[in-house]
Amino acid sequence: MAVKFFGQFLVEKGVISREALLQAIQLQETANLGFGDHAVAMGIMTETDVSRVNQAQRAEDLRFGDMAVKLGIITGAQLQDVLAKQKSSHLFIGEALVKVGGLSSADLERYLAEFKVDQAKYATDSVTIPAGTPHPEVCTIIVDLTSKMLTRIGRLTFRLESGRLAAAPVENDIAASMGFTGDVRAMYVLTVSRPVQKKIAMAILDEPDVEQESQGILDDTLMEFINVVCGNVAAKAAQLDTSLDITPPLLIEQPGSQQMDARSIGVSFPICFSDGERAELFLSVLP
Amino acid sequence: MKKVLIVDDSISVARQLEKIIAESGDFQFIGHGKNGLEALKLHKTLSPDIICMDMNMPGMDGITALRSLVALDPAVNVVMITSLGGVGDKFKECIKLGARTVISKPFEAETVLRTLRNI
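Residue numbers (the numbering used here), protein chains in the order written: chain A, 1 to 287; chain B, 1 to 119.
What the hints contain is simulated information worked out from the structure, not anything from laboratory work.
A couple of the hints might just be wrong.
Distance condition first, Cα-Cα at most 16 Å in a straight line; then the derived EDC-like pairs of lysine to aspartate or glutamate [as the list claims (entries may be wrong)]:
(1) B:K19 with A:D206
(2) B:K19 with A:E207
(3) B:K96 with A:E211
(4) A:K87 with A:D37
(5) A:K199 with A:E277
(6) A:K199 with A:E161
(7) A:K13 with A:D81
(8) A:K199 with A:D275
(9) B:K3 with B:D26
(10) B:K3 with B:D61
(11) A:K13 with B:D49
(12) B:K96 with A:E19
(13) A:K13 with A:D173
(14) A:K199 with A:D183
(15) B:K19 with B:E110
(16) A:K199 with A:E213
(17) A:K13 with B:E110
(18) A:K13 with A:E171
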C-alpha cells in the first residue's frame with residue numbers, strides 16, 4: 001500500500017530472512033564504492049584530492065562530485081564518467097541477496113516482477129507544474145502522490161487544478177505543514193476545510209463517523225496524512241537518486257500568514273470537491 | 001500473549017495499531033509512548049515483548065531510540081513503522097541498528113500482524 005524498497009517488499013512477503021538481508025546489505029556496502037573511491041580507482045583523483053573535497057563539504061552542502069568540479073579537481077565530463085562507472089557497477093539488493101544465498105536467481109526474477117506490479121500504482125503520472133518552479137521533477141512527485149493518497153487513503157473524489165505560482169497558501173479552516181530537507185529544501189502545506197478534514201479523519205481512523213472526536217484527534221489525522229504523503233515522496237525520490245528527509249508535521253493556525261523563506265518560490269495547486277468544499281496543496285521550494 | 005508497546009507521536013496511528021493488536025487476539029497492547037525518550041522509559045517499566053516505533057518524531061527520534069534500546073537490551077524486538085520505510089537507506093540503517101524489520105505507512109492490518117507473528 002506504500003512506495004517500497006525491494007528488500008522491504010521481500011521481508012514483508014516472508015521470502016527472505018532478516019539475517020540474509022543483513023548479509024546482503026553488508027555485501028552492498030563493501031561492493032558499492034563511493035564517488036571518491038571510484039575516482040581514485042579510475043586515476044581521476046588522488047587521495048589528497050578526496051580529503052580536500054571532504055574538507056570543503058564540511059563548509060558547504062554539495063554532493064562529492066559537484067564539490068570536486070567546483071574546486072577544479074575534475075571536469076564536468078569526468079564527473080559524468082565517474083557517475084556512469086558508479087551506476088554500471090552498482091550491486092543491487094536483489095543481486096546481493098542471490099550472492100549471499102538468501103534468494104535464488106529464479107526467485108529474484110519472479111519477485112522483481114511482482115514488485116513492479118505492486119509498485120506500478122505509484123508510477124508518477126503527468127502533472128502540470130508552472131514554469132519557474134524549482135526542482136520540477138520532485139514537485140511532480142509531491143503533487144502526484146498527494147493526489148494518489150487523497151484518493152487511496154482519504155477515499156476522496158476531487159479535481160486537482162493546474163499549479164500556479166503564488167506567494168502564500170490561500171486561507172482555509174486548517175492547515176498542516178512538513179519540511180523537506182536534503183537535496184531539495186521545501187515546505188509542504190496542505191490546507192483543508194473542516195468537512196474535508198473530517199473525511200480524512202474518517203479514513204485514517206477507519207471510523208464511519210468522527211463527530212464525537214476531539215479537534216486534537218482530527219488535527220492529528222491531518223498531520224498523519226501529510227506525514228504519510230511526504231514519507232512516500234521521500235521513498236519515490238530515493239528511487240530517482242534524490243535524497244530527501246522530512247521534519248515532523250506541524251499544524252498551522254493561520255495558513256495565509258505562514259512565513260516562507262524569502263528566496264523560495266511558492267506554487268499553489270487548488271483541490272476542488274464535487275460538494276463545493278476546497279483544499280489546497282501549497283509548496284514553497286528553494287531554488 | 002505477547003505484550004506490544006507502541007511509540008508514535010501520532011495519536012491516530014497509535015489508535016489504529018491498538019485496534020489491530022486488540023482485534024488479533026494474539027497480542028496485548030500495553031502502552032503508548034510519543035517519542036524516543038518515552039520509548040526508553042516504557043521499555044524499562046513495562047518490559048514489552050515487541051515495540052512498534054515510528055522513525056520521525058519530535059524530541060528523540062526513532063533511530064536514536066532504536067540505537068539506545070539495542071544498547072540497553074540486545075534482545076529487544078523493535079519493528080519500525082514509518083512513512084520513510086520505502087527509503088532504502090533508512091530501511092537499511094534500521095536493520096543494521098537491530099530493528100527486526102520496517103513496515104511502511106500506510107500499513108495494512110494483515111502486514112502488521114504477519115510481521116508481529118514472525119517475531
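Hints, verified against the model:
1. B:K19 with A:D206: It holds: about 10 Å lies between the C-alpha atoms, which stays within 16 Å.
2. B:K19 with A:E207: holds, 11 Å
3. B:K96 with A:E211: Status violated; Cα separation ~44 Å.
4. A:K87 with A:D37: holds, 13 Å
5. A:K199 with A:E277: holds, 11 Å
6. A:K199 with A:E161: Measuring from Cα to Cα gives roughly 20 Å; hence the hint is violated.
7. A:K13 with A:D81: violated, 38 Å
8. A:K199 with A:D275: holds, 12 Å
9. B:K3 with B:D26: holds, 9 Å
10. B:K3 with B:D61: violated, 22 Å
11. A:K13 with B:D49: violated, 23 Å
12. B:K96 with A:E19: holds, 10 Å
13. A:K13 with A:D173: With a Cα-Cα distance of about 42 Å, the restraint between K13 of chain A and D173 of chain A is violated, given a limit of 16 Å.
14. A:K199 with A:D183: violated, 33 Å
15. B:K19 with B:E110: The given pair, whose Cα atoms are some 12 Å apart, holds under the 16 Å limit.
16. A:K199 with A:E213: Roughly 12 Å between the alpha carbons, so the hint for K199 of chain A and E213 of chain A holds.
17. A:K13 with B:E110: Measuring from Cα to Cα gives roughly 11 Å; hence the hint holds.
18. A:K13 with A:E171: Outside the cut-off at roughly 44 Å; violated.
Checked against the numbered hints above, the structure violates hints 3, 6, 7, 10, 11, 13, 14 and 18; every other hint is satisfied.
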